[in-house]
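Dock chain to chain to rebuild the complex, using the hints, since each chain is given by itself in its own frame.
Chain order of the listed sequences is L and C. Following the numbering used here, the numbering of the first sequence begins with 379 at its first residue and continues without gaps. Following the numbering used here, the numbering of the second sequence begins with 79 at its first residue and continues without gaps.
Just so you know, these hints were derived from the structure itself, not from any lab. Any given hint could be a false lead.
To be verified - Taking lysine-lysine pairs in the DSS-like style, the calculated list, with each CA pair at most 30 Å apart, reads:
| # | chain 1 | residue 1 | chain 2 | residue 2 |
| --- | --- | --- | --- | --- |
| 1 | C | LYS315 | C | LYS139 |
| 2 | L | LYS505 | L | LYS492 |
| 3 | L | LYS483 | C | LYS269 |
| 4 | L | LYS505 | L | LYS450 |
| 5 | L | LYS502 | L | LYS483 |
| 6 | L | LYS565 | L | LYS618 |
| 7 | L | LYS505 | C | LYS139 |
| 8 | L | LYS447 | L | LYS565 |
| 9 | L | LYS565 | C | LYS315 |
| 10 | L | LYS565 | L | LYS483 |
| 11 | C | LYS347 | L | LYS505 |
| 12 | C | LYS139 | L | LYS487 |
| 13 | L | LYS450 | C | LYS339 |
| 14 | L | LYS447 | L | LYS397 |
| 15 | L | LYS502 | C | LYS269 |
| 16 | L | LYS492 | C | LYS269 |
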Amino acid sequence: MVPIAIDNVTLEYDTPAGKVTGVKDVSFDIGASEFICIVGPSGCGKSTLLNVIAGFLPPAAGEIRIDGKAVKGHGMDRGVVFQDFAQLFPWRTALGNVSFGLEMKGIPKAERDKIAREQLRLVKLEKFVDSFPHHLSGGMQQRVAIARALAYNPSVLLMDEPFAALDAMTRDDMQLLLADVWRATRKTVIYVTHNVAEAVYLADRVIVMSAHPGTVQADIRIDLPRPRDPLSLEFVDCQKQLMRHLGHKVSGNGAGH
Amino acid sequence: MSDTIITSAPKTGASKNNVSMSDQSKGRRSLWRAGVVLIIAACCYEAVARSGYFAPALMPKLSLVAQTFVAMLLDGTMIEHSVFTLYRVMFGFLLAVLVGLPLGILMARFAAVEGFFLPLVSALMPIPSFALVPLFMLWFGIGNLTTILIVFYAATFPMMFNTWSGVRSVNPLWLRAAGAMGADENALFWKVIIPGASPFIITGLRQAFLRAWIAVVGAEMIAASDWGLGWVIFDAKEFLNTDVMLAALVVIGGIGFVFEKMVFGSLEKATIQRWGMSRVAKG
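So here's chain C without its partners, still in its complex pose (with noise of 0.2 Å):
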């Protein structure tokens, strides 16, 4: 353990060159660092439980929350569930896209368009989605429709507002020499103003699936029946079976990280790392 907080990273004064290699290992350095730091986090909390602050019964050894997680990994549940919360969130999510993506676009062309849903956003994003869950439930019930509906409420927001800001950032020297090149309205849409947003319409696309994974798991919580790994959780509770709990907890992580990391990571370093472009949207 204790190697790894000695080692500091050295000065990188990366010639243009060698800049994807030095990102390379900086990158396997951060995933060792991270796991390194996962399992001191591992170890204190096995520390607690070893302790007997918390009865066992509430606060489960790893082992048999590992075993707990084996376990339901083989008899094909905690798949299930995960279908079921990963098919809501990416219906929700790809909805909001669907929807957030062109409106954001209107609204940064059309004066008239941002005169009327900017002080829509403004009012709608900071309700938690998770307090119109019930309201939800009144309205169309328990199960998949009301739970998607919360993912689509909590992604189509940051969808909007990022790509609202995206079109407004692009430098209109693009706009100007492409159209000093011949760029009709169609080819400045497609081939200047969407690359040139894309650094926020990337960082929309991962605001929005970030808060529609935490959407969808509060929302199983009370808004499923049977299936979800919110839903698991919050069943989980009425037995005490707090393994099942975090063996859940270990999914809903697994997944969010697989997301945030892999997929929207390599999406981002496909393009907007590539073209030298993520400096902006941090901007």
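For reference, chain L alone in the conformation it holds in the complex (with noise of 0.2 Å):
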């Protein structure tokens, strides 16, 4: 059985103007502890893909299935981490915010606390339980928010844009952090991005998507062993390959860096 199948998925928009497709026909299959990138312009319905997969969304056709059950709304077998800081609760600890989800099963409250320091000690934060949101930086407040998404364990983590907002440095330092929890953990990920050279440092698989209406347009291998070398020839051909794919849609020479 595949662990995520992604079965001709189609979503549609209520405009003032009618509906507007907004993904179109979109197939693909992911393998268990699979690291997937999708790629794509702003406007491809990357995110709205993802939504759909975590259950925000219902699709129009077609469907999702989770080890071969139909996704319908939400649910504890996937963690989402979002773009935007503000998705931690700010009347919670960091520890409070990652425990949350394990307060929701039911839990209790000491078992809780030890898995939720744990957590936070793989994303480098176990100096800063006690701290709320806003005492944190951007990039630590994402690290709490992954923390948060793997600590009640989903099998699979969904992952829209979540370095976006970061600089790029600190970026840097999260792409790393990132590889290193997926090693440790071995989630099958699903991260949007329009960063070529991020999907390139993450992916097993780079799923290319090209806009109005959204469809898949490649269904890219990443073989670099890893930890990958940004500045290796080999890395920096994966990112002309991913370019060349995202070129024939977009002007100029493409998304990403």
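Put into structure tokens, the structure is as follows:
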């Protein structure tokens, strides 16, 4: 059985001018512990697709199956990390945020705290367990968000441009950290980005989408050994290959850096 | 006196670690400033009182006011008046919270409730509670019931209105994140919506109490008999006891200050300031 199957998913928006197709007939499979990046120009529906996988939006047609079960609404088999730092609950400490999902599961407090502390150690925030989000930098807040999404042990981690609002230097550190976390946890990750270098650095496979309506344009395997060196020739070749795929649809020299 | 005006607040380029410290020293400084301003105001009053512009019976010297104040404290009357006023204000205020808070939440969550209450709030909120006192007196007589109902009227709408805005302002991303982590309706309400709306709810409590406090003194002036700080002032007028009036005013100001700064101030400090959410309420 395929761990995650995205099967002919179509999504429509209601606009004043009538129905607009955001995503059209998207299909691909994802293997267990695979790190998938979805790359595409803005407006290609990559975030929308992630929201459908998360269960926040119902598809107009097609379905998504996780371990054979069709997705209906959100569920605890998926953890979600958003782009916006404001996703954390400001009234809870880092520890309180991370233990939220465990609390919902009904796990007793002592065990909750223990697991949450482990997760915070995983994202190197063990010194900040008792800090409130507004005392943490943007990068730290996103690390708390990752720990929070991992804490209740979902099999899939969905990430919607989690580092897009960070400065370039912090973003590099975060990519490194995420690669480590992924290696340690072996979660299946679906990661949406418009940053080609980020996709090549992180992904096992990159799904390239094109816009209006959003369709899968290419499905590219990145076979570079890890940890990857962004300055190596092979890395740059991969980037060029992705850019070419994007360049067919995007004017100029494509997205990314 | 002169040294107070010169002290200008140094620019605090505070890093995140010493925010609480600079907050503390800022608080102490503003307390000092408030004390000095009060002393200046008292001096101005004393200068006018001594100038002989008003007859001494109409504008007593501060020493006499202080004497009366102490005497009324010692014989217990001032405390008893305060207890009556506090009873009425707390009763009305708590009633207003018990009604306004749930109604505000329901308004924000159900369009039908909002459609019914929003026009009502908009129409009734601008009516000064004091304007209703004569009518309430005819309906409910003189005494606790009327004053409590006036307080209730004054405090309910700000409570309702702020709660409504607060629940509406809850970041949808929090609801999404909580939903993804398995929160059911009950958990969403208690663990996301209520804390998320807390900056506005606390503003509501604050405004409601302020209005309640103004309302209770006004209502007591004409709708209370024998007891209450408002009644004391109105009663003292009959006998030209301006020293008593001023002493009661000091108590009214003092109690108001204690609630505003100490009760609601510390509530804010323990919650939304600690969470870095105080900016949200002001925006």
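For each hint, the structure was consulted:
no.	hint	result
1	C:LYS315 <-> C:LYS139	holds, 17 Å
2	L:LYS505 <-> L:LYS492	holds, 14 Å
3	L:LYS483 <-> C:LYS269	holds, 14 Å
4	L:LYS505 <-> L:LYS450	violated, 38 Å
5	L:LYS502 <-> L:LYS483	holds, 25 Å
6	L:LYS565 <-> L:LYS618	holds, 28 Å
7	L:LYS505 <-> C:LYS139	violated, 60 Å
8	L:LYS447 <-> L:LYS565	holds, 18 Å
9	L:LYS565 <-> C:LYS315	violated, 79 Å
10	L:LYS565 <-> L:LYS483	holds, 20 Å
11	C:LYS347 <-> L:LYS505	holds, 24 Å
12	C:LYS139 <-> L:LYS487	violated, 63 Å
13	L:LYS450 <-> C:LYS339	violated, 50 Å
14	L:LYS447 <-> L:LYS397	holds, 29 Å
15	L:LYS502 <-> C:LYS269	holds, 27 Å
16	L:LYS492 <-> C:LYS269	holds, 21 Å
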